[in-house]
Amino acid sequence: MTDTASGAIEPGLGCPVIHEDYSRLREVGCHWQIAKEMRESEPVFFNTFAQGYWVFTRHDAVRDIYKNPELFSSESITPWEPEPIYRFVPTQIDPPDHIKYRRILNPWFSPRRMDEAETMVRSICRRLVEEVAPEGHCNFVREFALRYPTEVFLGVIGVDLGQADLFLQWVEDFFAGFGGDPDSVEVMAGALQSIREYWVDALAERRGDAEPREGDIASYLLHSTIDDRPLTDEEMLDMLTVLVLAGLDTTRAELGYMFRHLATHPEDRKRLIEEPEVIPYAVEETLRFYTIIFGDGRKATRDMEFHGVQLKKGDMVYGLVSGANRDPSVYERADEYVIDRKRNNHFGFASGPHRCLGLHLARREMQVAVEEWLRVIPDFRIAPDAELVERGGGSMMSLLDLPLEWEATS
Amino acid sequence: VKITVDGAACTGHGRCYRLAPDLLEFDDEGYVTIRDQTIDVPQDQIEAAEEAAATCPEEAISLLDD
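As you go down the protein sequences, you meet chains U and H in turn. For the first sequence, the working numbering begins at 2 and goes up steadily by one. For the second sequence, the working numbering begins at 6 and goes up steadily by one.
The set of hints was computed from the structure by calculation and includes no laboratory data. Do not take every clue at face value.
No more than 30 Å apart at the CA atoms, straight line, and that leaves these computed lysine-lysine pairs for DSSO-like [as the list claims (entries may be wrong)]:
hint	chain 1	residue 1	chain 2	residue 2
1	U	K68	U	K343
2	U	K101	U	K68
3	U	K343	H	K7
4	U	K37	U	K68
5	U	K68	H	K7
6	U	K37	U	K314
Generate the whole structure from the sequences, applying the supplied hints.
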């Protein structure tokens, strides 16, 4: 799987050297296993993949990377690509400007907004569950977990649901290249171009409006200001593009892992049916234990000594979130899924100023999915011949397929 | 016991007010409302306050003895 544990300490670097491509498909669960092996053997590695970057495997270093944006810039968040072809706003903006963009977007994804959206979220979820229930089986990822967050997200930002299939394809194409696979960079660039063109047209159509359209984020941005000036087209396009990419892919991935867990743990399904108040804790534990973030990249802004190694300005670092989230120095029973875990300061939504903008939406979607699914399909299992593989940890990890089956509900 | 939130560290994860809904509230952006404030914790909320502090990924929440 990986030869990380045997890496010899390199005198010039002060840590073991590895050469590992994290972008490839692997059997489900392999990425968390790799992270565990790395965390248990060394606090830091140097990975010579691409131009080379540092991998910090433990909770304390990952926390310190997140907490110090003045030392670790978000100019690039993919350590194998220090000069990416895209610019996401506010994802790749550093303080002090970062918060100005975030404050424009925060109200759209606030807990209050999610309370208002819950009826819509639940009705989309219910419709999709009731569609598959009589069949007695489905490919959970493709038939439910892709469609549900896509429809919800487009509803939240005010995009016509008829566009869902278009967006889904663009997002798939983008993440094919995001993980560092050089053969897929052109596909990624094409997807970015298509998403951008969609928003160029949407902005053009709304530009003449005297008032912002209700519940329409493109229209809202046209009427927003930063430092007392309107947003530039470039800024609006960079914001809208990353919203789509972040909002559609990630929840699908977490839902896949959560339902794989529930399919294989009948006692946990039973607990959540009998005690639905535990569902929010189960969601949070899923985000810790089954984090889809293998690691998170940053760029060093200066020469510095950091957790035992000497970094140079411009070096890329990778905080291994998958390692940190199961670090036994922080979590009791770190290697167990504790369904009602309360003290759960995981990094599944990152940490620091760039913490996930959509986390309240993601939680709500996951909670509603569990409630609605278990109400209609309380017992289900993974199809016996299923081979489960996950997309590489270069992008967010994600099950490609999850065939489930149950007694058809007539 | 009192509870306080470091406003510069808090980024609005929202785990504290979910674990302690009878003690903490959120604002329109999703931040806890007591950033840079200190409030008293009623006796029946101490456990919830401790859980809220322990679950903050930013380590922004502190409990202070009277």
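Cross-check of the supplied hints:
The suggested pairing of K68 (chain U) with K343 (chain U) holds, with an alpha-carbon distance near 23 Å, which does not exceed 30 Å. Restraint check for K101 (chain U) and K68 (chain U): satisfied, since their Cα atoms lie roughly 18 Å apart, inside the 30 Å limit. Pair hint K343 (chain U) plus K7 (chain H) holds up; C-alpha atoms about 20 Å apart against a cutoff of 30 Å. Between K37 (chain U) and K68 (chain U) the alpha-carbon distance is near 23 Å, which keeps this suggested pair within the 30 Å criterion.
Annotation: proposed proximity of K68 (chain U) to K7 (chain H) holds, straight-line Cα distance about 25 Å (limit 30 Å). Taking the CA atoms of K37 (chain U) and K314 (chain U), the gap is about 29 Å. The hint holds against a cut of 30 Å.
When each numbered hint is compared with the structure, no violation occurs for any of them.
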